[in-house]
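Chains A and B are the protein sequences, given in the same order.
Note that the numbering used here gives residue 35 to position 35 of the first sequence, counting from 1, and the numbers run on in steps of one.
Note that the numbering used here gives residue 44 to position 44 of the second sequence, counting from 1, and the numbers run on in steps of one.
Just so you know, the hints here were simulated from the structure itself, not pulled from any lab data.
Please note that the accuracy of each hint is not assured.
[To be verified] Which stretches of chain A does chain B cover? Using the computed rule of at least three CB atoms under 8 angstroms from a CB of chain B, they are:
1) 40 to 50
2) 108 to 116
[Claimed, not checked] Listed next, the in silico EDC-like pairs over lysine to aspartate or glutamate satisfying Cα-Cα at most 20 angstroms (straight line):
3) A/Lys5 x B/Asp59
4) A/Lys71 x A/Asp53
5) A/Lys5 x B/Glu42
Ideal placement from N, C-alpha and C gives every residue a C-beta, glycine not left out.
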Amino acid sequence: QQQVKQSPQSLIVQKGGISIINCAYENTAFDYFPWYQQFPGKGPALLIAIRPDVSEKKEGRFTISFNKSAKQFSLHIMDSQPGDSATYFCAASLKAGGTSYGKLTFGQGTILTVHP
Amino acid sequence: EADIYQTPRYLVIGTGKKITLECSQTMGHDKMYWYQQDPGMELHLIHYSYGVNSTEKGDLSSESTVSRIRTEHFPLTLESARPSHTSQYLCASSEGGTGEYFGPGTRLTVT
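Let's have the full structure, built from the sequences with the hints guiding it.
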């Protein structure tokens, strides 16, 4: 019930295209859903995050779409650029209360390649 | 600005040696974490701490140990390194229910 399932495992997109990565969760106690971007040899960096009281959040070319009833959320990268090539992880954390508060459960990761 | 530091960045060490991976954060975050990650693969939580003098094992069993004597410092120790410990170790911190901030990682190779 703690799992977050991410797909696809890898994604190839042409420059200027839209990259879409999907995640699904089971635990309805999750209430914070961040996305991380990781370049080779670096630690993951927080990219954008959403809480379940909104259905969409946009920051520049990055948008999270959230479907609470389906327990799914996705990352959309508009006008994808070669510099966006990285591994992307979705994650989820629990509501306040208890020692697990704030501890993230990560998806399996998606390797995105954007061709010039 | 989120500042979390890890040293060393790279370590090559022989089997049986004791090693300590350092992690420090300057944000005053109450929670800190250690993850193990093979290249391009999932992040596996091996230890976490929700405050000084409190540590818990993570989802992935690990032979390493941790301590949290000061808020800003969360070192990880391997008493006797083995080739199976070869991996990247990532430290992170967070405040409450917001996202985790990651350090740059330590790439450990045990020969």
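Tested hints:
no.: 1; hint: 40 to 50; verdict: holds (count 8)
no.: 2; hint: 108 to 116; verdict: holds (count 3)
no.: 3; hint: A/Lys5 x B/Asp59; verdict: holds (16 angstroms)
no.: 4; hint: A/Lys71 x A/Asp53; verdict: holds (13 angstroms)
no.: 5; hint: A/Lys5 x B/Glu42; verdict: holds (11 angstroms)
Of the numbered hints given earlier, the model fails none.
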